[in-house]
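Now for the letters of each chain:
Protein chains: 4
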Amino acid sequence: MALDLEAIYTDLHRNPELSYAEHRTAGIVADHLTALGLEVRDGVGGTGVVGVLANGDGPTVLLRADMDGLPVQEETGLPYASTARGTSPDGEDVPVMHACGHDVHVTCLLGAVDALVADRASWSGTVVAVFQPAEELGTGAQAMVDDGLYEHAPRPDVVLGQHVTPLPAGTIGLRPGPSFAGADALTVRLFGRGGHGSRPETTVDPVVLAASVIMRLQTVVAREIAATETAVVTVGSVHAGTKENIIPGEATLGLSLRSYTPEVRERLLAAVRRIVAGEAAAAGAPAEPEVTIGYSFQALVNDPDATARTGAAFRAAFGDQGVADPGLITGSEDVPALAAAAGVPLVYWLLGGEDPQRFAAAFAAGTLDSDIPSNHSPSFAPQLHPTLEHGVEALVVAAREWLD
Amino acid sequence: MALDLEAIYTDLHRNPELSYAEHRTAGIVADHLTALGLEVRDGVGGTGVVGVLANGDGPTVLLRADMDGLPVQEETGLPYASTARGTSPDGEDVPVMHACGHDVHVTCLLGAVDALVADRASWSGTVVAVFQPAEELGTGAQAMVDDGLYEHAPRPDVVLGQHVTPLPAGTIGLRPGPSFAGADALTVRLFGRGGHGSRPETTVDPVVLAASVIMRLQTVVAREIAATETAVVTVGSVHAGTKENIIPGEATLGLSLRSYTPEVRERLLAAVRRIVAGEAAAAGAPAEPEVTIGYSFQALVNDPDATARTGAAFRAAFGDQGVADPGLITGSEDVPALAAAAGVPLVYWLLGGEDPQRFAAAFAAGTLDSDIPSNHSPSFAPQLHPTLEHGVEALVVAAREWLD
Amino acid sequence: MALDLEAIYTDLHRNPELSYAEHRTAGIVADHLTALGLEVRDGVGGTGVVGVLANGDGPTVLLRADMDGLPVQEETGLPYASTARGTSPDGEDVPVMHACGHDVHVTCLLGAVDALVADRASWSGTVVAVFQPAEELGTGAQAMVDDGLYEHAPRPDVVLGQHVTPLPAGTIGLRPGPSFAGADALTVRLFGRGGHGSRPETTVDPVVLAASVIMRLQTVVAREIAATETAVVTVGSVHAGTKENIIPGEATLGLSLRSYTPEVRERLLAAVRRIVAGEAAAAGAPAEPEVTIGYSFQALVNDPDATARTGAAFRAAFGDQGVADPGLITGSEDVPALAAAAGVPLVYWLLGGEDPQRFAAAFAAGTLDSDIPSNHSPSFAPQLHPTLEHGVEALVVAAREWLD
Amino acid sequence: MALDLEAIYTDLHRNPELSYAEHRTAGIVADHLTALGLEVRDGVGGTGVVGVLANGDGPTVLLRADMDGLPVQEETGLPYASTARGTSPDGEDVPVMHACGHDVHVTCLLGAVDALVADRASWSGTVVAVFQPAEELGTGAQAMVDDGLYEHAPRPDVVLGQHVTPLPAGTIGLRPGPSFAGADALTVRLFGRGGHGSRPETTVDPVVLAASVIMRLQTVVAREIAATETAVVTVGSVHAGTKENIIPGEATLGLSLRSYTPEVRERLLAAVRRIVAGEAAAAGAPAEPEVTIGYSFQALVNDPDATARTGAAFRAAFGDQGVADPGLITGSEDVPALAAAAGVPLVYWLLGGEDPQRFAAAFAAGTLDSDIPSNHSPSFAPQLHPTLEHGVEALVVAAREWLD
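As they're listed, the protein sequences go chains A, B, C and D. The first sequence: position 115 = 115 (full-length UniProt numbering), numbered continuously. The second sequence: position 342 = 342 (full-length UniProt numbering), numbered continuously. The third sequence: position 174 = 174 (full-length UniProt numbering), numbered continuously. The fourth sequence: position 387 = 387 (full-length UniProt numbering), numbered continuously.
Please keep in mind that the hints were generated in silico from the structure rather than gathered at the bench. Note that the structure is a prediction, hence the values are computed from the model and not measured. Do not take every clue at face value.
Repeated chains share a single entry, so a pair holds when one copy, or any two copies, can fit it.
Here are the simulated lysine to any residue pairs, SDA-like style, with alpha carbons at most 25 Å apart [as the list claims (entries may be wrong)]:
1) Lys-243 to Arg-189
2) Lys-243 to Trp-123
3) Lys-243 to Thr-187
4) Lys-243 to Glu-266
5) Lys-243 to Leu-137
6) Lys-243 to His-152
7) Lys-243 to Ala-30
8) Lys-243 to Asn-55
9) Lys-243 to Ile-329
Just need the whole structure built from these sequences, with the hints factored in.
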């Protein structure tokens, strides 16, 4: 392998960029892809980069990496720790860190392209390398699609990708069917009519309306979703009023919805909308509630057949012990948008990035949750080796399974 | 007085009749009125009787008595106790008793007409004696109005009437403004969609809908009615389902609303309708709730000026100690329909019917509620004397105040 | 096979008996077992029968069948349809039908014992054949244990059994881990203090208490059980009050709980108890709620290793197509009590009993739920052949896997 | 009258002081009282001042004024508007205004003492003039009592006082029995256990607990207080959580309770405490809720007999049109503490301070609420004349009624 993976990684890690601001990262990516001989298009969906490696007849495989960092102050103490800052959507100056490991994803995908180029005599078909912006906002993949991704690059036969996590380095987590949660963040504004606390009859009390909505929302999971399905409706915040004797004019709820199939997700969203509208009507509210979706990830559903096929390739390459079903993952991913837009199967796996000994010790002690920093933690720090090499190989193995 | 009040009373008491079945009673009334020389019309609003005593120029005064008994098994042990039976609206054979004292009302009004006829030289004007059916159903007064009461008889200048209660015999309870509660009985059917208890997601659970409605209904009095107003919303019954593991198709609530002004009553009714509709919408109910009004009494509001005038006449006749403000009365009356239809003032008072010594003893002991049988009790038994004479005199005094 | 399975089956089907009244059935069973040379004990746990077939050294295998019918009026139109009647626990005369297929279970277990006896030269060990009463009440298995089952018969190394269902005849449904739901029927009495509907302040309103409890119970599944677990809390009935203007003294709820692990079941029960107690305290209730458990099935959890071993034997005998994972089953079974008391693995499977062509047609049409009568239906009618033979063979194959 | 009321008033109005910081005001008061020949004690209960005017044998009458201003930025535009600032209990620098008219109360009481001194030959007895701090906090009157008020001054036979309001200047509002509301401000902290929004089963969700508490609190007024009583329970604020997908550890409610009798107030407080405790138990909360009382005004109940006597004196002095029953007042007052500590009757009245023409116009237009600035408004500005003179005369008339 000609590329120095560690050098690429530590540079990216030192210089993380927030969603849709991945200009430096995209430049590095584009330079490497160009150098490797791919046809490159940048600025897709803002800062996305697409490289096409056409290598004769055969299937087309899309490999995807995401590029953005998070507004987190790094606390790893690593020599290559980030001190970068960025500008949040609110215009605030914030620290930035690759706290979710997208630097691993970029590095491994560059490495995989490098390997596939080097080995191009042994396969035929087309590889589309997609480096997307703004996964953390849940919108980057769709932004690339909307900006003509599949006009700039051939429509693939399969979409493949990976996410580094605190599983033991050298292992892969792969699960057929629903894998990552669909997640929606909703803000619900409930409108009443304020007034003096001693004269509720002149008001429409939004505090009572909010309470009734919250109680009713409990019925969504309890009554409207099959017990064998997996769904969560959490009201994480409720705020109304400033003073005990003044009835405020409105209340605001923050909701988090989780689901693992589009059907359940639609049912959750419809139920929330129906309930807040019905409760507002029951309250005689002077205005309909406002339901705003802050972010929205659809559930990631790995295609069962394609996952079985890819999993078999992994087991052949890494042994049976190297691949495990990690169960349902509560995190979310926007990669499904790439497969959905193309109408093709998706296979997305977890790439182990944790020191296996540390993992084993924490597992034995029952302290995985507390001892192992997970994604989004200021202390999240993948073990570089063999994680980077393994991530490259996983992409190559998976891609080769689908190429001729 | 030519009439034997006690004989009339004991005969009526022995032979009570249910609402709209007061045929025998109406016959007795009509015979007496005819004998006294009044112009009589019977069958008004079913079994109602109207007698008009025209006595020259002057104001017209309407005096009202109600005639119906109740489906109660008498337990007074009196020699003239009822053993009568009747047919309930459901077609059931039931015992009947004058448990609410309407026999007193009829007797006293006949006595008052007798007295006014005897004394006709001393006054001028017109007296309209109205004996109405079905006060217990809340519909008899309106039925007479709808059946042309004010075509058969002149429109009055004031409506007067009385109700016997367990105040001390010889006293009168009179209150300006809101006096008797408006009362509405509502049946609310909430529609869901039934199914197996293990699969709530295939259903719309009417049990949860009913619970949410009940909780929400608490906000009507707590939030929508001024603290200085008087209102009650009681859900007296809730029924749904037959088996713990079958989600039923519907739930039924029985509601009782009480209020003392038309404005509050309207607000209660509107709030109930709004809440059940809103909650059904929040539940995704397959059909709108059905709200049926079983009976409906408007609040009895005594005209303040007319009440002051009548009260002054009572005090002149019976002394200051003989007239008291009984406070708000939780019972209901349908006599307001007679005044409302005529657009004239109403003055309606309580006629004491309890043995004063027994009353005093129970009052002193704090056992009024338990020791003194009140209206609708199987043991309700007014003290005949002086109650009958006093009831006659109260009607005459009040009528004379308004006649020339 | 010496036994005439069809004759035994049709006789049992014609003569179903209610729970704990399986006297005739038990007699037939005991006669057959005795004739087959087993050591037999009857009257265990009421009407249970145990037969022990000791055949040299080796493991002990318990094979279980349940014997009771249901109070259902048969509507199959079969020549051997039941016209039997029985006496319900309430003392009522009711129709009886083998609507849940326990006649299949008894017949097959007799057939399996017959086959094992005939073939005893080829295996060694001990077979314990348990014919239990009252599975439908959820108490028969425990009743046999409590009555000394494991004193009368050797403690087994594994408990095996089967349930006929509308899967295609000739197939077996087997699932490792949680399989049949734990189910509890609870009656909750909530105590308030009654009074007149116009004076709620003199009462503790049990209708409002019931509503608050119902709303709160929604939070059990929504908040207290992991989204990845399977649980249902249904309030199938709520009853309080007789009249809209009388606040009743109590309210009664009927609850159905479902779960698939003992941990979740315990959590559900604890949450229900905690919520009704807390809500009663919040209401100022004059007495603590009464929570009565009507029936209680623990979840049936197939031992993963034993199930894998048994499933392998099935696949070897019937082919891969003959064994499928039926998913979580919402029905319940009391057989776990036999394994729990012995502290040994349980393997319990579904025995297909439906005409495969009819099944396939309904499956294709998406009308399985409506077209195929399932257990407890008045039209439930297993296809006799090959169901009976297959049920015998399944028991024999499973038993032989565990015997030497 | 020797004192220049307008000069005193405008000086006080220009120099308002916050609760317990009424040093300048107290100095002015003490100087005047001393000059008028009273025995003066200052620093009672912090900044309170007491002057005793002993004038021979006879009853003792306590006249009370309160001295503190409010943290309001004056917007009256008056030449004597305040530009003063003060330090809030939180240590913040805030504007200060006599927005509640306590400057009127001080001025009028000084004027009344002046008049009583001038006219001392015509009466005998003792007048105790109490100028109290911190009425706005609800604690100043009690602070003076606790600091020995009735050791420094003779225990009175009656407590008299007045509050300026936007009734027409020249009129008095007086109501026997319950007059000003009892008011309590409560902060309720509900404790749960936080966690990730996708794993509610690891948490005790305080948002749901808060909602259930709010719904339950609606039942206090709806079910626990008689419909004929007057009470309000308002949850004016609810706050929990910061992010939609994080379940917070606690929730905080701000409650305002209002009542007009000690019995109702006690019932409200007990119900709130019972409900939050019960709901926390129902939720399985890890800690009991904290209920903190922020301020607490008892209801002001005018002694019926003493009020009748004082009212008769007012009517004799000012005519029947000059005195009216203002109905229940939703505001609160801490003056009852002075009467309660002495165990004597209280008579407290409203002093009209609004331009009668402006009042009449707003009343006719139905815009009293919007057009007439009321107490605590930045635009509150009593009409100086005849308000000051009338306030002096009302105190003198009332005091003389009770003095010999």
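Hint-by-hint comparison with the structure:
In this homomeric assembly, Lys-243 and Arg-189 come within 25 Å of each other (Cα to Cα) both inside a single copy, at 19 Å, and across copies, at 15 Å. In this homomeric assembly, Lys-243 and Trp-123 never come within 25 Å of each other (Cα to Cα): the closest approach is 70 Å inside a single copy and 49 Å across copies. Proximity of Lys-243 and Thr-187 under a CA criterion of 25 Å is satisfied in both settings, with 23 Å inside one chain copy and 10 Å between copies. In the homo-oligomer, the alpha carbons of Lys-243 and Glu-266 lie at most 25 Å apart only across protomers (22 Å), although the nearest pairing inside one protomer, at 38 Å, exceeds that limit.
When the C-alpha separation of Lys-243 and Leu-137 is checked against a cutoff of 25 Å, the pair qualifies only between copies, where the shortest distance is 15 Å, while the shortest distance within a copy is 35 Å. When the C-alpha separation of Lys-243 and His-152 is checked against a cutoff of 25 Å, the pair qualifies neither within a copy, at 57 Å, nor between copies, at 38 Å. Within a single copy, Lys-243 and Ala-30 get their C-alpha atoms no closer than 56 Å, and across copies no closer than 36 Å, so neither meets the 25 Å cut-off. Proximity of Lys-243 and Asn-55 under a CA criterion of 25 Å is satisfied in neither setting, with 69 Å inside one chain copy and 48 Å between copies.
Taking CA atoms no more than 25 Å apart as the test, Lys-243 paired with Ile-329 passes between copies only; the shortest distance there is 20 Å, against 41 Å inside one copy.
In terms of the numbered hints stated before, the structure departs from hints 2, 6, 7, 8, listed from lowest to highest.
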